[in-house]
Amino acid sequence: AQSVTQLGSHVSVSEGALVLLRCNYSSSVPPYLFWYVQYPNQGLQLLLKYTSAATLVKGINGFEAEFKKSETSFHLTKPSAHMSDAAEYFCAVRGAGGTSYGKLTFGQGTILTVHP
Amino acid sequence: DAGITQSPRHKVTETGTPVTLRCHQTENHRYMYWYRQDPGHGLRLIHYSYGVKDTDKGEVSDGYSVSRSKTEDFLLTLESATSSQTSVYFCATEQGGYNEQFFGPGTRLTVL
Numbered sequence: 398a399q400s401v402t403q404l405g406s407h408v409s410v411s412e413g414a415l416v417l418l419r420c421n422y423s424s425s426v427p428p429y430l431f432w433y434v435q436y437p438n439q440g441l442q443l444l445l446k447y448t449s450a451a452t453l454v455k456g457i458n459g460f461e462a463e464f465k466k467s468e469t470s471f472h473l474t475k476p477s478a479h480m481s482d483a484a485e486y487f488c489a490v491r492g493a494g495g496t497s498y499g500k501l502t503f504g505q506g507t508i509l510t511v512h513p
Numbered sequence: 002d003a004g005i006t007q008s009p010r011h012k013v014t015e016t017g018t019p020v021t022l023r024c025h026q027t028e029n030h031r032y033m034y035w036y037r038q039d040p041g042h043g044l045r046l047i048h049y050s051y052g053v054k055d056t057d058k059g060e061v062s063d064g065y066s067v068s069r070s071k072t073e074d075f076l077l078t079l080e081s082a083t084s085s086q087t088s089v090y091f092c093a094t095e096q097g098g099y100n101e102q103f104f105g106p107g108t109r110l111t112v113l
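Residue numbers (the numbering used here), protein chains in the order written: chain A, 398 to 513; chain B, 2 to 113.
One should not assume that every hint holds.
As the list claims (entries may be wrong) - Ranges of calculated distance between the beta carbons of each label pair, as one might list FRET restraints: (1) K12/B / K465/A: 17 to 25 Å; (2) A414/A / G52/B: 26 to 34 Å; (3) G17/B / S477/A: 48 to 56 Å.
Stated by the list, open to error - Derived pair list, reagent style DSBU-like, types lysine-lysine, alpha-carbon separation capped at 30 Å: (4) K500/A / K446/A; (5) K446/A / K466/A; (6) K466/A / K455/A; (7) K465/A / K500/A; (8) K12/B / K446/A; (9) K12/B / K58/B; (10) K500/A / K58/B; (11) K466/A / K500/A; (12) K54/B / K71/B; (13) K54/B / K12/B; (14) K12/B / K500/A; (15) K500/A / K71/B; (16) K500/A / K54/B.
None of these hints come from the bench; they were simulated from the model. Glycine included, C-beta positions come from ideal geometry on N, C-alpha and C.
Let the sequences and hints guide you as you build the complete structure.
Here it is in structure tokens:
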């Protein structure tokens, strides 16, 4: 079985401040991990993905995430928040075998608010 | 972006009526998925398809059925809509091989 926990359903930062969105996963096999962003009234868009290559993954819009196996974490960061980053962010894990093969399991989502 | 459209985009219906949502893709992706999104639950997989006429259940499949007669179309049917099926429904497609999933714009369904 696989699962994802996003710590904090709401995160608020000031424009220019560090963004840190937390994601911990559980997987019985080496995982593939994803971060998606959802702007209001839109579908989900892929920010970045980890597929067992480099542990530090760079994505679009200045976001990056680091895979830490020992901590079972895949936290999303951005050095300097912009007003346009306000959205809901989802972490997802994908099973590479067993009954979870190929299926994405999403976290509950974190709403990021950016204050001027 | 993969060309994915969903229809209708908004629908209000009454309890007990059947409802069909359509997902159409122009990318010739093999895999297609239906999710529902509810506050506090993220996205949950309803059904998925790994080829024409090949479908399987996801984690919240009760009360839903799907069909895929062509590569480009994946239909989700609520056999007898209930208020608990009020949600936003997303279709997604994937080329295969642990590639990313591309999402449609969503359908907001309200069951009164």
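Hints, verified against the model:
Here the CB-CB span from K12/B to K465/A is close to 43 Å, at odds with the stated 17 to 25 Å. With their beta carbons about 47 Å apart, A414/A and G52/B fall outside the hinted range of 26 to 34 Å. For the hinted restraint 48 to 56 Å between G17/B and S477/A, the CB-CB distance of approximately 52 Å keeps it satisfied. Distance check on the hinted pair: K500/A and K446/A sit about 15 Å apart at the alpha-carbon level, within 30 Å; holds.
Simply put, K446/A and K466/A have alpha-carbon atoms about 15 Å apart, close enough for the 30 Å limit, and the pair holds. A threshold of 30 Å between alpha carbons decides the hint, and for K466/A with K455/A the separation of about 17 Å falls inside it, so the pair holds. Distance restraint check for K465/A and K500/A: the Cα-Cα separation of roughly 21 Å lies within the 30 Å cut-off, and the hinted pair is therefore satisfied. Annotation: proposed proximity of K12/B to K446/A is violated, straight-line Cα distance about 33 Å (limit 30 Å).
For the proposed pair K12/B and K58/B, the alpha carbon gap of about 24 Å is at most 30 Å, so the pair holds. Taking the CA atoms of K500/A and K58/B, the gap is about 11 Å. The hint holds against a cut of 30 Å. A threshold of 30 Å between alpha carbons decides the hint, and for K466/A with K500/A the separation of about 20 Å falls inside it, so the pair holds. Distance restraint check for K54/B and K71/B: the Cα-Cα separation of roughly 8 Å lies within the 30 Å cut-off, and the hinted pair is therefore satisfied.
Restraint check: the Cα-Cα separation between K54/B and K12/B comes to about 26 Å, which is no more than 30 Å; the hinted pair holds. Restraint check: the Cα-Cα separation between K12/B and K500/A comes to about 28 Å, which is no more than 30 Å; the hinted pair holds. For the proposed pair K500/A and K71/B, the alpha carbon gap of about 22 Å is at most 30 Å, so the pair holds. Taking the CA atoms of K500/A and K54/B, the gap is near 19 Å; set against the 30 Å cutoff, the hint holds.
Going through the hint list in order, the structure does not satisfy hints 1, 2 and 8.
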